[in-house]
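Here the sequence shown stands for residues 1 to 158, numbered as in the working numbering.
Hints in this document: simulated from the structure, not taken from any laboratory. Any given hint could turn out to be false.
Stated by the list, open to error - Pairs of lysine-lysine, DSS-like flavour, derived with a Cα cap of 25 Å:
| hint | residue 1 | residue 2 |
| --- | --- | --- |
| 1 | 11 | 48 |
| 2 | 109 | 134 |
| 3 | 46 | 11 |
| 4 | 126 | 108 |
| 5 | 108 | 131 |
| 6 | 51 | 11 |
| 7 | 126 | 11 |
Said to hold, decoys possible - Now the in silico label distances, taken between C-beta atoms and shown as ranges:
| hint | residue 1 | residue 2 | range |
| --- | --- | --- | --- |
| 8 | 100 | 21 | 35 to 41 Å |
| 9 | 103 | 49 | 45 to 51 Å |
| 10 | 38 | 79 | 29 to 35 Å |
| 11 | 91 | 22 | 40 to 46 Å |
Ideal Cβ positions, reconstructed from N, Cα and C, are used throughout, including at glycine.
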Amino acid sequence: MVNVIGLDSDKVQQLCDAANQDVDEDNKGNYAVSGGVMGVEAVEAKAKSFKARMIVRLVVAGAFHTSFMEPAVSRLESALAAIEIRQPRIPVISNIDAQSHADPATIKKILARQVTSPVQWETTVKTLLAKGLKKSYELKPGKVQINHCLLNYRTRAI
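The task is simple: from the sequences and hints, build the whole structure.
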């Protein structure tokens, strides 16, 4: 994965489309930029011509939230089938569709879909703001810095 910094979402999509023309990987779609190694390298190579301020390669174990993760879906579905999920007592907004869901079966389906679906972070935050969110905290493991640019973070898949 790489973070593309300094471009709006339309330019990031144009950058991904241009990078996709240079690689044979069929993985269209979303917004950090995630995909195969050749696709990520193509985005890095083309980003300056799109006037991106900088590109930051993310140290991750895979092309999360893309079709490259499809083999993990069935294993997660099996694990989810073996556990009980109860109806939430407070609304929990899904980052797949930026909506709250209360049905445990639906929640399990959404959790499995997260593996290959783009994260709708901006839409999720806008939904939270529309529902009255005034203050939030983002907790991350280890020494990862907190993301303060909530509305400027998007994910695209290549």
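We went through each hint and held it up to the structure:
no., hint, result
1, 11 x 48, "holds, 12 Å"
2, 109 x 134, "violated, 30 Å"
3, 46 x 11, "holds, 12 Å"
4, 126 x 108, "holds, 24 Å"
5, 108 x 131, "holds, 24 Å"
6, 51 x 11, "holds, 9 Å"
7, 126 x 11, "holds, 21 Å"
8, 100 x 21: 35 to 41 Å, "holds, 38 Å"
9, 103 x 49: 45 to 51 Å, "holds, 47 Å"
10, 38 x 79: 29 to 35 Å, "holds, 31 Å"
11, 91 x 22: 40 to 46 Å, "holds, 42 Å"
Violation of the numbered hints given earlier is confined to hint 2; every other hint is satisfied by the structure.
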